[in-house]
Amino acid sequence: MRIVQAVLAVLLAGFTSAQDSPRVLKAGTEVKLVFAQSLSSKHAVTGERVELRVAQDVPVDGRVVVPAGTRVLGTVKTGKQKEKHGNAKVLLISFDCIIAGGTRILLTGERRWKASSNVAGETAATIGFGVAGLLLARSGRVVAVPEGTAVSAFVAEDVDLGIE
Amino acid sequence: MAIACLVPVWGTTSTNSSEQGEPTGVYVVAFRTSGHVRLSSSKVFHSAASDVRRLLVEKGVRIVPDPERGFIENESTMSVASMTVLAREAGADSLLFLTVDRPVTQWVKLTVQSYDLSGTLLWEEKVGSGTSPMTGDSGYEKCFMKLEKALERRVGGPGLPFSTTPTAPKIER
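As you go down the protein sequences, you meet chains A and B in turn.
The letter at position 93 of the first sequence is residue 93 when you use the numbering used here, and the numbering goes up by one with no holes.
The letter at position 60 of the second sequence is residue 60 when you use the numbering used here, and the numbering goes up by one with no holes.
Isolated chain B (complex conformation) (with noise of 0.2 Å):
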């Protein structure tokens, strides 16, 4: 296998769009707690994790995948710092980060926290379920019905910048 020179990938920004004028994007690393392992399932985080991106794509924001994995979804944790070296290496602007969380008195909490590149935390939105609804499919819906909200307000700002792009077409459940 030949190789004409191996670029260093560490800490460069050779690949950020924003520093080609192109179009900013996010990087999305979804995380699920050990108590959302304990009390919930595997398909409720990843379907969160979807539903999240779904819904960023459909207002505008333009979401940069990583070009090994995909989008990364953890159970194990990462530290912000090492976070942010992906999502610059994958030529984003920004991380979002999203926390699926099962406490026991709800029925599934979402936390989103959006970072610079130098680890800042930009803004933090949090959302519930409450354990008003009698199902746990219920009160996912009505959590993400928060989120909704939450983020819509945050879109257009820092850290969810809109794309100058055609958005990619959505995402059917």
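Chain A with its partners taken away, still in its complex shape (with noise of 0.2 Å):
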């Protein structure tokens, strides 16, 4: 009788061990996200949210946990400071959580775009209108960050999935 209790709780033990392992979405997992909308350095301002969503499905011990087009949001780190401020020269972008159910996993990672010159429109321009010719054309630089472009963020935490 004392070996078969014995051997049910051995039994016991292992069966509630192997059900008690705890699934854990690690810190600095890379979440592969798109762009849910278009983002311009001429319309986009400083502290404005994005949205994103999630592009691969995030898997934990071959299981998904967080699905691909989950909803992401971001914010607009660095863009225009004000309403007619023109053209940023610079968007940086934060990606900041991922919105699952009601839950938030928070993330990390940010990306930052620089407005490209135009040689040839500004040397044409130059050469056109001498130095105010170059000024405009300079003033025209835009970052478009077109909806679907594809970023990468990182969890910022351990995230606690549970027991299965």
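Hints listed in this document are in silico derivations from the structure and should not be mistaken for laboratory results.
Careful, some of the hints might be misleading.
[To be verified] Heads up, simulated DMTMM-like pairs for lysine to aspartate or glutamate below, C-alpha to C-alpha not over 20 Å straight-line:
hint : chain 1 : residue 1 : chain 2 : residue 2
1    : A       : LYS77     : B       : GLU73
2    : A       : LYS77     : B       : GLU68
3    : A       : LYS42     : B       : ASP101
4    : A       : LYS42     : B       : GLU73
[As the list claims (entries may be wrong)] Sample of chain A residues with no beta-carbon within 12 Å of chain B, all distances over it, derived:
hint : residue
5    : LYS77
6    : ALA150
7    : VAL151
For glycine and all other residues, C-beta sits at the position ideal for the given N, C-alpha and C.
With the hints as a guide, bring both chains together as one complex.
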């Protein structure tokens, strides 16, 4: 009887421990994202919220814990300072959190775009209109991030997914 | 932070109120064109968005706010597909997309488009102020009056169903 009890206790302990294995979404896990809206340095204002989506399933131990398409929020960290400030030359977006069923999974990561120069256009403008033309051409530099642009972020802290 | 499970959000209608027999709702997104940014002010844009929501509530339409951002009022473009996903996730049954523009020849132009959750355009209303009013303020008021008449014809129909619950308190301007 004691042997049976001991065997049962061992079996129960093993069964329980297997069931009690916690699943954790580790900090630093890469999460691929896509922009769910367009962004432009002509319009993006510092502090504005940005919509993104998870681009690929995020698995833990072979099970998808964050499916593709889950909503992600970001913020414009550097953009236009004021409404009519003209084009920002740099667009910096931070990736803040995944919104999953009312729960937030914090992210780290940011992406920076710098307006590229149009050498041919600026040269032509300078030849045609001098310094004024060059300044005008340079003021037209715009950073444009189309909807669907792919970026990556990382899970900011371990997330306990509970016991399976 | 312990999470029992992460519920898939994409493409689900688990929070869609109509499936549960509860009042339906409209998810409203406002967009401001480049022309309006250049020639008008953000105050006019935000006032227009707020006034449209107020008008709908007064007419008995339930507005569904975004659970994260309240009401989205953007200068950046977002596809109809993206907006309808947000609408679905918020529990709304349709999307109302307001575009605030400032053409050169008018003080303000408002376009309201209604979409179902599949992204199909249900209807569209465009109203403009014209240039006859002497000031931008009176131009906006004239335009909004036209919009009010246009939306009155639509309330109760596709995209703007009546709410069966008491409407939200009137929002004072």
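For this session: Check each numbered hint from earlier against the structure, then list the numbers of those it violates in ascending order.
Result: none
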